[in-house]
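Asker: My request is simple: use the sequences and hints to build the entire structure.
Letter by letter, the sequence shown follows residues 1 to 248 in the UniProt record's numbering.
I should point out that these hints are in silico values taken from the structure, not numbers from a laboratory. Built from N, CA and C at the ideal position, the CB exists for glycine as well.
Computed list of lysine to any residue pairs in SDA-like fashion (alpha-carbon distance at most 25 Å, straight line):
| id | residue 1 | residue 2 |
| --- | --- | --- |
| 1 | K167 | D137 |
| 2 | K114 | K148 |
| 3 | K170 | E182 |
| 4 | K26 | V46 |
| 5 | K134 | Q69 |
| 6 | K167 | E210 |
The calculated label-pair distances, taken between Cβ atoms and stated as ranges, are:
| id | residue 1 | residue 2 | range |
| --- | --- | --- | --- |
| 7 | I70 | D204 | 45 to 51 Å |
| 8 | A175 | L234 | 26 to 32 Å |
| 9 | G184 | A224 | 21 to 27 Å |
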Amino acid sequence: MFELMISKDCFPNVVTYNTLINGFCKAKRVDEGMELFREMSQRGLVGNTVTYTTLIHGFFQARECDNAQIVFKQMVSDGVLPDIMTYSILLDGLCNNGKVETALVVFEYLQRSKMEPDIYTYNIMIEGMCKAGKVEDGWDLFCSLSLKGVKPNVVTYTTMMSGFCRKGLKEEADALFREMKEEGPLPDSGTYNTLIRAHLRDGDKAASAELIREMRSCRFVGDASTIGLVTNMLHDGRLDKSFLKMLS
1 MFELMISKDC
11 FPNVVTYNTL
21 INGFCKAKRV
31 DEGMELFREM
41 SQRGLVGNTV
51 TYTTLIHGFF
61 QARECDNAQI
71 VFKQMVSDGV
81 LPDIMTYSIL
91 LDGLCNNGKV
101 ETALVVFEYL
111 QRSKMEPDIY
121 TYNIMIEGMC
131 KAGKVEDGWD
141 LFCSLSLKGV
151 KPNVVTYTTM
161 MSGFCRKGLK
171 EEADALFREM
181 KEEGPLPDSG
191 TYNTLIRAHL
201 RDGDKAASAE
211 LIREMRSCRF
221 VGDASTIGLV
231 TNMLHDGRLD
241 KSFLKMLS
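Answerer: Right, dumping it as structure tokens:
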């Protein structure tokens, strides 16, 4: 269809190219998407924010972190303004590829700009910091949200609890869970499963059982990771079958 359009002197516009580039990226054929981008430029068409953001996302999904950063730099060089979605995708990609320090530099620039990060962006950074072992920094960012007028959502709370658990700070995770139930959004299945696994790994069967009962009363169920952990602990004798029955 694309070639037919050109053969009939019906030349595609930026929206057409964006649609095709997005299709290639979703099909994990980002290099072909990049070829279309170059062809687009050769035809005198200037890519917009959607064009560049799509390619950045495509390269990150293909685990080509360097190419994603190159496209972002080209975007800025070409005078195309990134939006909050562009920055969120960039920050998420950097964090997921172990480049948290680079993400922090970008995030600091974003905070100094006139653009307002949304809770999705903050969640990305809190998770990135926690996974990189920077739990204290993640907590500082979490605590700063109220000063910025940003309300944490269930993902924010669960991510921070997961960070505490990963660092062995179970008491801090439990305290945040209590705060969440009193002041924040209601916990979801992910919240309960995160805490259940943390208490199980710590050998606290009583707290785990209480959380499972509470989770079930809220009509949530154990996820694959929790059931897998319980099954492994059953096999090596650390748990009895009652835990698996509670989850099912």
